[in-house]
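Undergrad: This is what each chain is made of:
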Amino acid sequence: MAASGKVKKEEKYPPPKRFQVADIQASREATAVKPEVVSRMVNKAKNPVLVTGKYLLKEPKLVEVAVKFNEKGIPIIATGGSSKPLIEKGVKPESVVFSLHQITQYMLDPEWKGFNGQPYDVVVYLGFTPYYLSRMLSALKHFSKITTIAIDEFFQPHARFSFTNLTKHKELHYEMLSKVVEGLEERK
Amino acid sequence: MVFELKEGIFVLDDLRNVSIKIGKVIEEEEEWTEPLGPTPKPGILELRNWDRKLMERYEPFYGPMQDYCNLCTMGPCDLSMNKKGACGIDLRTSKARLVAIACCIGAAAHTAHARHLLNHIIEEYGEDLPIDLGSDVNLEAPNIRLICGIRPKTIGDLRAALDWAESEIVKVLHSTHIGNEEDYTDYESKAMHVGMADHVGMEVADIAQMVAYNLPKAEPDTPLVDTGFGVVDRTKPVIVVVGHNVMYARPVADYLEEKGLIDDFEIAGLCCTAHDMTRYNAKAKIFGPIYYQLRVIRAGLPDIVISDEQCIRADLLSACKAMGIPLIATSDAACRGLPNRNDDPVDEIIKDILSGKTPGVFLDDGEKLAEVAVKVAQEIFKRKQKKELFLTDEELKEEVEKCTQCMNCVFTCPHNLRIDQGMKAGQEGDFSKLAALEEVCIACGKCEQSCPKDIRIINVIMKTGYQSLVSKTGKTRVGRGPIQDTEIRNVGQPIVFGQIPGVIAAVGCVNYPDVMQDLRDILEEFLRRRYIVVTSGCHAMDIGMLKDEEGQTLYEKYPGNFDAGCLVNTGSCVSNSHIAGAVIKIANIFAMRPLRGNYEEIADYTLNRVGAVGFSWGPYSHKAASIATGFNRLGVPVVVGPHGTKYRRAYIGKPWKTENWWVYDIKSRQKVNIEPAPDVLIAAVETKEEAIVQLARLCIRPNDTTQGRQIKLTHYIELSQKYLGAMPDDWHIYVRSEADLPLRMKDKLLKTLEEEYGWKIDWDKKKIVGGPIRHFDAGFNPTIVESVYEKYTRK
Ligand code: SF4
Ligand code: SF4
Chain C
388 MAASGKVKKE
398 EKYPPPKRFQ
408 VADIQASREA
418 TAVKPEVVSR
428 MVNKAKNPVL
438 VTGKYLLKEP
448 KLVEVAVKFN
458 EKGIPIIATG
468 GSSKPLIEKG
478 VKPESVVFSL
488 HQITQYMLDP
498 EWKGFNGQPY
508 DVVVYLGFTP
518 YYLSRMLSAL
528 KHFSKITTIA
538 IDEFFQPHAR
548 FSFTNLTKHK
558 ELHYEMLSKV
568 VEGLEERK
Chain Z
8 MVFELKEGIF
18 VLDDLRNVSI
28 KIGKVIEEEE
38 EWTEPLGPTP
48 KPGILELRNW
58 DRKLMERYEP
68 FYGPMQDYCN
78 LCTMGPCDLS
88 MNKKGACGID
98 LRTSKARLVA
108 IACCIGAAAH
118 TAHARHLLNH
128 IIEEYGEDLP
138 IDLGSDVNLE
148 APNIRLICGI
158 RPKTIGDLRA
168 ALDWAESEIV
178 KVLHSTHIGN
188 EEDYTDYESK
198 AMHVGMADHV
208 GMEVADIAQM
218 VAYNLPKAEP
228 DTPLVDTGFG
238 VVDRTKPVIV
248 VVGHNVMYAR
258 PVADYLEEKG
268 LIDDFEIAGL
278 CCTAHDMTRY
288 NAKAKIFGPI
298 YYQLRVIRAG
308 LPDIVISDEQ
318 CIRADLLSAC
328 KAMGIPLIAT
338 SDAACRGLPN
348 RNDDPVDEII
358 KDILSGKTPG
368 VFLDDGEKLA
378 EVAVKVAQEI
388 FKRKQKKELF
398 LTDEELKEEV
408 EKCTQCMNCV
418 FTCPHNLRID
428 QGMKAGQEGD
438 FSKLAALEEV
448 CIACGKCEQS
458 CPKDIRIINV
468 IMKTGYQSLV
478 SKTGKTRVGR
488 GPIQDTEIRN
498 VGQPIVFGQI
508 PGVIAAVGCV
518 NYPDVMQDLR
528 DILEEFLRRR
538 YIVVTSGCHA
548 MDIGMLKDEE
558 GQTLYEKYPG
568 NFDAGCLVNT
578 GSCVSNSHIA
588 GAVIKIANIF
598 AMRPLRGNYE
608 EIADYTLNRV
618 GAVGFSWGPY
628 SHKAASIATG
638 FNRLGVPVVV
648 GPHGTKYRRA
658 YIGKPWKTEN
668 WWVYDIKSRQ
678 KVNIEPAPDV
688 LIAAVETKEE
698 AIVQLARLCI
708 RPNDTTQGRQ
718 IKLTHYIELS
728 QKYLGAMPDD
738 WHIYVRSEAD
748 LPLRMKDKLL
758 KTLEEEYGWK
768 IDWDKKKIVG
778 GPIRHFDAGF
788 NPTIVESVYE
798 KYTRK
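So the sequences go chain by chain: C and Z. With my numbering applied, the first sequence has no gaps in its numbers, which climb one by one up to 575 at the end. With my numbering applied, the second sequence has no gaps in its numbers, which climb one by one up to 802 at the end.
It cannot be assumed that every hint is accurate.
Distance condition first, Cα-Cα at most 25 angstroms in a straight line; then the derived BS3-like pairs of lysine-lysine [said to hold, decoys possible]: (1) C:Lys471 <-> Z:Lys393; (2) C:Lys555 <-> C:Lys396; (3) C:Lys471 <-> Z:Lys755.
Label-pair distances were calculated between CB atoms; the ranges are [claimed, not checked]: (4) C:Lys566 <-> Z:Lys460: 50 to 56 angstroms; (5) C:Glu398 <-> Z:Lys460: 45 to 51 angstroms; (6) Z:Thr365 <-> C:Lys445: 46 to 52 angstroms; (7) Z:Gln524 <-> C:Asp496: 36 to 42 angstroms; (8) C:Lys448 <-> Z:Val522: 21 to 27 angstroms; (9) C:Glu572 <-> Z:Gln456: 46 to 52 angstroms; (10) Z:Ala167 <-> C:Asp496: 43 to 49 angstroms; (11) C:Lys448 <-> Z:Glu666: 40 to 46 angstroms; (12) Z:Gly95 <-> C:Lys566: 43 to 49 angstroms.
These aren't lab readings, by the way, just hints derived from the structure by calculation. Beta carbons: idealized from backbone N, C-alpha and C, even for Gly.
Required output: the full structure, derived from the provided sequences and hints.
TA: Okay, here's the thing in structure tokens:
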């Protein structure tokens, strides 16, 4: 696993509730981590990327978070129309037209050089329909070495790292997102 | 000695002591001048090379639902990270096997449906009943001609096609047994094989019922029928038919007509039986798709329910029982634990149902069924007390009060709906949040199973969202069946050259990610832009429920022809075969390509030339999986909604792998690199916005003329700007010459090509001199099949 880093006990959450109780047939479940771990993974990555989805069209807070990622020099692959609010805020996404399904297929190919000339090693997901993202994370878990990190309000069992389930605590979710952003170092 | 003589004319001279037994006499067929192609009635191997070719470009993608396999007793096995199980199968191949199994189930559903219908119809009308689809359809049964190499003239002739489909499905099912395939591409090829067989099964079923039951035959202006929750007049007894095979419930309409009672009753349907019932008798109405089943039953609207097969809730009987609604099951595919009462006298059956001795019966004798259904409905209607639908105000309050906001429901709901928040607001007197859930809830009932307080969540949602529920009542244009030959003659060229920017075929189930309105919005975007929009099944009935500000559904706004800016409802699930059929007919009627047993050439033609894209916004059934896979083999890409990822497999090309995108050009006799169009055979999108842009994008074909490409690019760019807020990333790779560029933006785009992509532009002539993947050539004649290339270069 690229850019793994060790996660200390106090940086983890106990096994959380999944977004879908029946989506449990996972041999290796994501580690539910605190925001600092997410920032650290991204900071250590060779070529990290943020992939954004549908909920940026519904939650302005998510747009804000993505913009801040971008300000720290992390490129954004915008899917599902999430490009629109991002572009309005001055972001220039790596791509706007490819769906997450397509992007995942490309990432599964070790020959793919990404949109910026080198393969992505750490991929952070923000604002996705949970069952849709779940299948993509599963594909990447089984068939690639990419480190996937889900930072939506739902725990994603097939990711390598995920936030715990925060469905009940929207505010806490937003706080955690802010913490991730705070911990990001400027990339050259 | 036994001779087996195949079809043909035989002259036997000078034979002695030979006794000749004659089986079926086949009359000398009037000349079918079309030459027989290479693959009539193909087995698993015949089209495998075609499939492999497709998969070289459109590589299978797997997003497993589970990491384990427990299909046999050597397991369960952990296949994660592509490990192998005890039998030796790896994760990828095991998922491909599951897809093949799903496609077998789907194809078997239509094929068994066809078999039931065909046997029944041959018994009733005889096998010589001619296949006459009206004067506008001379090229009937395009799928059967293409795939089986048969031109059926009578109902009896359909048997040969069905025999073939059945045997292929069994062969593929066999291959999924432990210890068979070890390469996922072989299971994919088999999935495509049964997907293709599915289209034959569907075509047999629909032709048989159109002919025998006199359903509309390619008429564009079929009647409009009432559609939606609020369609029935509750002062009349209501007979509800549910499922996908109208053969069983049809006699009910006949009986009511015969007795002069048709206007004293309401017949309304759920799922495809509703479509086919309205095709049979336009006095019937459409309640809606599968997710209306519990809405309708829990509201207590039916006085009797008649079920047949496929996509019916597996708890239909218990749902009906709870509401005191008797159920008659009619299909051997779904007997529902009910006693078979075919041999009993009608009066006895009625007595047992009305006395409550049995909650329902199994009955597939049409005449008995009709009489029982009508008489029982009449009596239940009389007994029924006027009650408030779903819940009384008191009950609603009580139910809502019970909620502790434990959120068990939220984590079982397929859409993670925030029932807890709705309940909380309801406890504080605000029911709007609960009401809003009506739009997104698919009434699956999972939440109720998980609620520790046994709250009747669906009833709570439907009671509070009642206004939204009844307001979704409109009109559906009755399914017309096939597309006319003349229509194809008119649109064939503009489709192949690209002036009609595409055909969008919205078919399938209703597991939408969001509100139903999205589907209407998506389709209307294309109707306004003068694409041809075709629909069937649940998508076709859902758009019949939604009205605009003027109170019109799409069917009332757009004509039912197969033409630019028109909306065609072909009918039920089995009518999907006419959509594939229209694509096939384009190759034959417009381009004179022979169909007879000539699958690969026609699929190759479609992939390179026909800008048709399938769209299933809410796929869930196995049938949807096999229909889509059948379309894929035919060269038609399909876009599915986000739940479609749960099929686990997609076929997605990689545009950046330039070596994958080539064709043989018959004109220049060269292998030519081309733009990756279309670059996906099946993939899921997440949002309405993304769906619209992808659909426009996937209509682009290598064969587009410059005028066609210009039109397609204009829509693609405009839609991307409108919905994604930017030019599409890949617009430039579809540009072959300056004439491809949208007129309005030409100068600007030339500049961008020069500055951002380093293309060479001759500014005096405003010409592209260097940069594109290939230049446009008016005689370009693409194929990816060697034998097709040889055939046409030999000439
Ligand atoms: S019935 Fe509606 S609210 Fe309940 S789980 Fe199903 S979709 Fe969700
Ligand atoms: S499961 Fe029942 S009690 Fe729990 S939040 Fe849902 S409706 Fe309320």
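Undergrad: For the range 36 to 42 angstroms, tell me whether the beta carbons of Z:Gln524 and C:Asp496 fit it or not.
TA: holds, 37 angstroms
Undergrad: Take the C-alpha atoms of C:Lys471 and Z:Lys393, compute the straight-line distance between them, and say whether it is at most 25 angstroms.
TA: violated, 51 angstroms
Undergrad: Just tell me: holds or violated, for the beta carbon distance of Z:Thr365 and C:Lys445 against 46 to 52 angstroms?
TA: Because 50 angstroms falls inside the window, the suggested range holds.
Undergrad: Confirm or reject the claim that Z:Gly95 and C:Lys566 have a C-beta distance inside 43 to 49 angstroms.
TA: Holds - the Cβ-Cβ distance for Z:Gly95 and C:Lys566, about 47 angstroms, lies within 43 to 49 angstroms.
Undergrad: Do the beta carbons of C:Lys448 and Z:Val522 sit within 21 to 27 angstroms of each other?
TA: Holds: the Cβ-Cβ distance is about 23 angstroms, inside 21 to 27 angstroms.
Undergrad: Regarding the pair C:Lys471 and Z:Lys755, is the alpha-carbon distance no greater than 25 angstroms?
TA: OK: C:Lys471 and Z:Lys755 at ~21 angstroms, within 25 angstroms.
Undergrad: Using the beta carbons of C:Lys448 and Z:Glu666, state whether their distance is inside 40 to 46 angstroms or not.
TA: holds, 43 angstroms
Undergrad: Take the C-alpha atoms of C:Lys555 and C:Lys396, compute the straight-line distance between them, and say whether it is at most 25 angstroms.
TA: The given pair, whose Cα atoms are some 23 angstroms apart, holds under the 25 angstroms limit.
Undergrad: Given a hint of 43 to 49 angstroms, does the C-beta separation of Z:Ala167 and C:Asp496 actually sit inside it?
TA: Taking Cβ atoms as reference, Z:Ala167 and C:Asp496 lie about 44 angstroms apart, which means the hint holds.
Undergrad: Is it true that the C-beta distance of C:Lys566 to Z:Lys460 lies inside 50 to 56 angstroms, as the hint says?
TA: Taking Cβ atoms as reference, C:Lys566 and Z:Lys460 lie about 36 angstroms apart, which means the hint is violated.
Undergrad: Would you say the C-beta atoms of C:Glu398 and Z:Lys460 sit inside 45 to 51 angstroms of each other?
TA: violated, 37 angstroms
Undergrad: I want to verify a distance hint. Is the separation of the beta carbons of C:Glu572 and Z:Gln456 within 46 to 52 angstroms?
TA: holds, 47 angstroms
The structure shown violates the earlier hints numbered 1, 4, 5.
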